[in-house]
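Student: Going down the list, the sequences are from chains A and B. According to the numbering used here, the first sequence is numbered sequentially starting from 1. According to the numbering used here, the second sequence is numbered sequentially starting from 1001.
Misleading hints may appear alongside valid ones.
Claimed, not checked - If you want a taste of the chain B side facing chain A, the calculated C-beta under 10 Å gives, among others:
{"hint": "1", "residue": "G1017"}
{"hint": "2", "residue": "E1107"}
{"hint": "3", "residue": "Q1112"}
{"hint": "4", "residue": "Y1167"}
{"hint": "5", "residue": "N1170"}
{"hint": "6", "residue": "V1553"}
The hints are simulated quantities; they were obtained by calculation from the structure and are not laboratory data. Model, not experiment: these values are computed from the prediction. A virtual CB, placed ideally from N, CA and C, is assigned to each residue, including glycine.
Protein chains: 2
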Amino acid sequence: MKIAIAQINPTIGDLPGNAQKILETAQQAAAEDARLLLTPELSLCGYPPRDLLLNPTFVEAMNIALQQLARDLPPKLAVLVGTVEENTKAHITGGKTLFNSTALLEEGKVKQIFHKRLLPTYDVFDEHRYFESGLQANYFTLDNLDIGVTICEDLWNDEEFWGKRSYAVNPIADLAILGVDLIVNLSASPYSVGKQHFREAMLRHSAVRFQQPVIYANQVGGNDDLIFDGRSFALNRQGEVMCRAHGFEIDLVMVEFDEVQRDLQLSSIAPEYESEDEEIWQALVLGVKDYARKCRFSKVVLGLSGGIDSALVAAIATAALGKENVLGVLMPSPYSSEHSVSDALALGENLGIKTDILRIGELMQGFDNSLAEMFTGTEFGIAEENIQSRIRGNLLMAIANKFGYLLLSTGNKSEMAVGYCTLYGDMNGGLAVISDVPKTRVYSLCDWLNRNGEIIPQNILTKAPSAELKPGQVDQDSLPAYEILDDILQRLIHNYQSAAQIVAAGHDPTIVDRVIQMVARAEFKRRQAPPGLKITDRAFGTGWRMPIASNWVGVKKAYQTVNVTAPTFVQ
Amino acid sequence: MKIAIAQINPTIGDLPGNAQKILETAQQAAAEDARLLLTPELSLCGYPPRDLLLNPTFVEAMNIALQQLARDLPPKLAVLVGTVEENTKAHITGGKTLFNSTALLEEGKVKQIFHKRLLPTYDVFDEHRYFESGLQANYFTLDNLDIGVTICEDLWNDEEFWGKRSYAVNPIADLAILGVDLIVNLSASPYSVGKQHFREAMLRHSAVRFQQPVIYANQVGGNDDLIFDGRSFALNRQGEVMCRAHGFEIDLVMVEFDEVQRDLQLSSIAPEYESEDEEIWQALVLGVKDYARKCRFSKVVLGLSGGIDSALVAAIATAALGKENVLGVLMPSPYSSEHSVSDALALGENLGIKTDILRIGELMQGFDNSLAEMFTGTEFGIAEENIQSRIRGNLLMAIANKFGYLLLSTGNKSEMAVGYCTLYGDMNGGLAVISDVPKTRVYSLCDWLNRNGEIIPQNILTKAPSAELKPGQVDQDSLPAYEILDDILQRLIHNYQSAAQIVAAGHDPTIVDRVIQMVARAEFKRRQAPPGLKITDRAFGTGWRMPIASNWVGVKKAYQTVNVTAPTFVQ
Chain A
1 MKIAIAQINP
11 TIGDLPGNAQ
21 KILETAQQAA
31 AEDARLLLTP
41 ELSLCGYPPR
51 DLLLNPTFVE
61 AMNIALQQLA
71 RDLPPKLAVL
81 VGTVEENTKA
91 HITGGKTLFN
101 STALLEEGKV
111 KQIFHKRLLP
121 TYDVFDEHRY
131 FESGLQANYF
141 TLDNLDIGVT
151 ICEDLWNDEE
161 FWGKRSYAVN
171 PIADLAILGV
181 DLIVNLSASP
191 YSVGKQHFRE
201 AMLRHSAVRF
211 QQPVIYANQV
221 GGNDDLIFDG
231 RSFALNRQGE
241 VMCRAHGFEI
251 DLVMVEFDEV
261 QRDLQLSSIA
271 PEYESEDEEI
281 WQALVLGVKD
291 YARKCRFSKV
301 VLGLSGGIDS
311 ALVAAIATAA
321 LGKENVLGVL
331 MPSPYSSEHS
341 VSDALALGEN
351 LGIKTDILRI
361 GELMQGFDNS
371 LAEMFTGTEF
381 GIAEENIQSR
391 IRGNLLMAIA
401 NKFGYLLLST
411 GNKSEMAVGY
421 CTLYGDMNGG
431 LAVISDVPKT
441 RVYSLCDWLN
451 RNGEIIPQNI
461 LTKAPSAELK
471 PGQVDQDSLP
481 AYEILDDILQ
491 RLIHNYQSAA
501 QIVAAGHDPT
511 IVDRVIQMVA
521 RAEFKRRQAP
531 PGLKITDRAF
541 GTGWRMPIAS
551 NWVGVKKAYQ
561 TVNVTAPTFV
571 Q
Chain B
1001 MKIAIAQINP
1011 TIGDLPGNAQ
1021 KILETAQQAA
1031 AEDARLLLTP
1041 ELSLCGYPPR
1051 DLLLNPTFVE
1061 AMNIALQQLA
1071 RDLPPKLAVL
1081 VGTVEENTKA
1091 HITGGKTLFN
1101 STALLEEGKV
1111 KQIFHKRLLP
1121 TYDVFDEHRY
1131 FESGLQANYF
1141 TLDNLDIGVT
1151 ICEDLWNDEE
1161 FWGKRSYAVN
1171 PIADLAILGV
1181 DLIVNLSASP
1191 YSVGKQHFRE
1201 AMLRHSAVRF
1211 QQPVIYANQV
1221 GGNDDLIFDG
1231 RSFALNRQGE
1241 VMCRAHGFEI
1251 DLVMVEFDEV
1261 QRDLQLSSIA
1271 PEYESEDEEI
1281 WQALVLGVKD
1291 YARKCRFSKV
1301 VLGLSGGIDS
1311 ALVAAIATAA
1321 LGKENVLGVL
1331 MPSPYSSEHS
1341 VSDALALGEN
1351 LGIKTDILRI
1361 GELMQGFDNS
1371 LAEMFTGTEF
1381 GIAEENIQSR
1391 IRGNLLMAIA
1401 NKFGYLLLST
1411 GNKSEMAVGY
1421 CTLYGDMNGG
1431 LAVISDVPKT
1441 RVYSLCDWLN
1451 RNGEIIPQNI
1461 LTKAPSAELK
1471 PGQVDQDSLP
1481 AYEILDDILQ
1491 RLIHNYQSAA
1501 QIVAAGHDPT
1511 IVDRVIQMVA
1521 RAEFKRRQAP
1531 PGLKITDRAF
1541 GTGWRMPIAS
1551 NWVGVKKAYQ
1561 TVNVTAPTFV
1571 Q
C-alpha cells in the first residue's frame, strides 16, 4: 500500500484555502497511486487556531468545509484530515466542548472520526482550553491493514524514553496491544533548534519498543511566532528512517507499506542540515516569508543601524522576500559613528536592497526644545537616549503606514531578556525576527552566512556592539560580555537554574544578581513586544506568561541557596 | 465557633510580604477569639502567579515560607493558607507536577493539605498549565466540626444552576454526601460587572440544594490586568447572606457558627453598590492604585486631549493616587480645536492636578521635512495622522522616563476593538486603564461621576468625539455611532454571534461586515497593547488569544448564514 504525506502550509482560519490545498495534494497523490494520504494536525483550519475555536460559527464552518472536502476528494483515496468534532455530551458529562480530531474521508464521506488523547497544555500550547481528551485507542482498517491513528502529542509520552510519564496513558502502547499493523501521526510540531533530531530519536525508541512502523506527518509554515518545520518522516519496525520530507517547505512524499514483510520500505530521504546555523536560518527565512504573506504584505522596511542585528534581519528579509521588496532606512544621529552609515550602506549594497538616509539630528533638537523647560536642571540620560530611538521608530512606522510595508524589528533575545531596548522605539514592528536569537547566535549565524563570501560586511562583525545613543557608548558599558550574558540567560530561562546554581557554574554573583533583576524588570517591555519568531524551547511570547506587577526577584535572595533540579518539558 | 475571613491583597511572588499580611491578620483574628481563619486562594504567592510556578526555586521557596508561617502563627488559631504542593508521583502516574492547594496550619505545624479539584482553563485562567486535579473530597475536623474545604472553581459546577456540567464532578455534592457541617471556599475570583450578584446567586443555589452553610473568602486587589473585588461572604443553610466583606479593599470579617443550630449566624453585611457605574469606578481606581504600587510607582503621567477618555482616566488616577501624584500633559497640534485646550485645563482644575502644555506643531513640521522627499507626491493620510499621535507618545514616554512616572494610556474598548488608535502613539503606557470599558460606558461613568457636581467639564461630555488628527475630523467619519458600534461589539465579542445573527438583531449588514473586518484587522495592535484592566467577561488581553496572520474573516461570508447558539462560560 502506497501511503502519502501531504506536508502542507495552511493559513490559520482559511478553511476554503486549506481545503483546496488538501484537495490538490490529494489529486496529485491519487495520480501517483497512493491509497492513503496523511495531512497535518488540524490541517483544515491550520495550527494553532487559538480562540477562533471559541466561535461557534467557526466550528460550524469547519464542519461544512469538511463535508464538502469529503465530496470533492478522489473517491479511491482515503484521506486523514485534521479537524475538530463537537463533544455533544459535554453538557451532561462535563468537559470541553470540542475534540481535536482526525477525520477519515473516503468515497465521498466522512467515514470515521478519531480524537486526540493527550492534550499539551504548556509552553505555547493551550489545548485544555479548547479540547476534551479522547478516551480510546484509534484505528481503522484499510484493505486488510489495521492502521492506528494518533495526533501529535499522543506519541510524546513514552515513559521509557523520557524516564517519566507526562500523561497517564500512552496511546502507542494501547495500539500495539490491539495489534495494529502501522501507526500514523498527524502533527503540528513547532520548530526549535535540534527538535527534529529529538523527534526521530523519540519515535525510533517507540517504533523499536512496540515493533510498530510509524509515519509522522508534520505541518510546515510560519504562523505568527511559531515556525513549523515540516520534515515529516517514516520509520520502519526497526526504527530506521525510511522516508523524510524536506524541511521548511511544502512537500508530498510517498512511502510503501509492504504487506508481505508487514513493514515500510525505503523511500526518499531529505538530508539533514549541516549545522544548527543553517537550520535556524531556514526557519527564520520561512517565518518572515509566511508572516508577511499571510498578513498580505509584499514589502518590508527596517532600520539599518550599521550593527549586526539589523544586518542579519536585512539578510533574512532579503532571502525571504527578494531584494526588491526590502527597504533599509539609515537614521544617523549626531552620536552615530561614521562607520554606522558606511557599514549599513555596504550591507545594503551586498544585499542589493534599496536604502534611504534620514538624519534625525534636527528632530532630536526639536524634542529637546519642546522638553527644555520641563527638563530644566536634569542630566542627559535614559530619557534622552530613548527619544532618539522613538524618533526612529516613528519615522519607520510613518514609512510603513504610508507605503503599506511591514516593519520588521531587529532586537535579539539577549537584549529582550535584559530590556536593553526601547519600547516604542527600536522594538517597533509587526514581527520581531530575531527576538528568540541570543546575541552569540546572531554572530554565528552571520559567520555561517559569510561562509562563501562576504554578505555581512566584516566591520559589522568585528566592531564593538553599540546602541550609539550617546557619545562613545558601547553595549558592554551596561551589560556583561555577551558570552557571559548568554550563558547566564540560558541557565536562567531555559534551565530554570537558581542564582546559586548559576554562581556555582562559575559566574560572578554580582553579575548574576544584576542579570536576574534586569530580566524581571524588563517584563513590561516584553509584554508589548511584537510576535517574535520562536527558535528555542523557551521563547518570550505566547509561551512565556509572567506577571509584571510582582515582587519575586525582590525576595529571591532569602531563598537563593536552595538547590533544586530543573523540570523537563515535553514537545 | 468564630470563623474569620482575611480578605488580603497579596503581591504576586512576594512570599515574605504576603506571609506577613496573613500573620498580622491572624494575630488580629486571634485577638478577637476567632478559632479558624480563611485566606484567599494561593494567598501565600498571590493569584495568579503564572509562570513563576514553573520555577522550581519559587516552589521550594513557597514551601519554606509556609513552614515558617506555620511556626509564626498564633497556636490556637487554625488558618487555611493558599499554597502549592508538589505532585511527587507525577513522573510515575503522569500529570502536572503541582497541586493548587490549601494548607491547614495549626499549633505550629502544617496539619493537612487539600488539593483543588476543578481547574479553570479558559478566559484568563491557565490552571491545567501548572496543576493536576485533586481526586478526593477535602475536609478536616476542628472541635467536632467537620469542615469541607474547596478552592475557587470547585464551587462553580452546580449543574442544576448552570443547566449543564462543566466538569465531571461536583465537589460540593461530594462533601454533602460526606455530611460535613460547613463548606469553606478559598477564592481568587476576578471582578467583572455584575459578578458578585452572580456568585451569590450561584452559591445560594448550592447552599439550599445541599443544605450547607458556605463561607467564601475572596482575594482583593489588582494584579496586572485582573482586579479582584473581595466581597467575601457567608451564606447560611437557607442561602441567606449572613456576612459580606467590603468590595475593593482589604477587610477582616467574622461569622459565628452556632453549634446548636448547626448554622451560621447573622454578622456584618457590607452594602451592595448602587449602580454598575459605581462598581466599575471602584474597580478601576483599585486597578490603577495597585498596578502603580506593586510596580513601585508613586506618580503617573497621561496625555490630556480634552476628550472624554483621557478625562475619565485622569479622574480615576486622581482618585487612585491623589491629585499631587497625577500630571496631565496637553499636546495640542495645529489641528486641535481651541476647546481641546480649554476643556483639558478646566478638567485639570476640577481635579486639582498639575498640567503642562507642549505644543507639537514644530515637531510635526520636523517630521514632515524629514520625510518630504520620500513622501513626494503622496496625500496627507493615516501615516501623517499617526505621526502626530507618535510624537505625543514620545513626549509622554520621555517625561515618564525622566521623572520615573508611570504612563497611563487612555484608549477605550470600542477603539481597541476596531483599531481606532495609534500603535506606539496614544496606545503607549504601562497600563491601559479603560481598555475594557466601551465608549458608551465611558459616558455613563462620567455622568455618574458628575452626579454631585461637575468633575468632568460639561463640554467634554457634549461635544462630538474627535481624534483631531486632521482638520474638522470627528470619530463618526470613520466609525458608526458608538451606541450602534458598542451593541455590535457586545454581540460579536461577548455573545459570539455570527454576522447573520447581528444583522437579524436589526443592524445594517454593511456596517456589521465592516466592524467585523476592523476587529480582525486590529489584532496586531492589540497584541502590543499594555495590560488593560479587565471589567467584563471577555477583555482583550491575557484571556483573548487570537492569531494575527489568519484569514478567517476573509472566508466568513461563505458561512455567515449559519445559525448557532453561543457557548456559556463559567467563572
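Student: Return the status of the interface hint for B:E1107: holds when the least beta-carbon distance to chain A is below 10 Å, violated otherwise.
Tutor: violated, 25 Å
Student: Take the shortest C-beta to C-beta distance between B:Y1167 and chain A; is it under 10 Å?
Tutor: holds, 4 Å
Student: Quick check on the hint: B:V1553 CB to chain A CB, less than 10 Å?
Tutor: holds, 8 Å
Student: Does the nearest C-beta of chain A fall within a distance shorter than 10 Å of the C-beta of B:G1017?
Tutor: holds, 7 Å
Student: Tell me if the interface restraint on B:Q1112 is satisfied: Cβ within less than 10 Å of some Cβ in chain A.
Tutor: violated, 25 Å
Student: Would you check whether B:N1170 satisfies its interface hint, that is, whether its CB is within less than 10 Å of any CB in chain A?
Tutor: At 9 Å from the nearest chain A Cβ, B:N1170 passes the 10 Å test, so the hint holds.
Violated hints, listed in ascending order, are 2, 3; each of the other numbered hints is respected by the structure.
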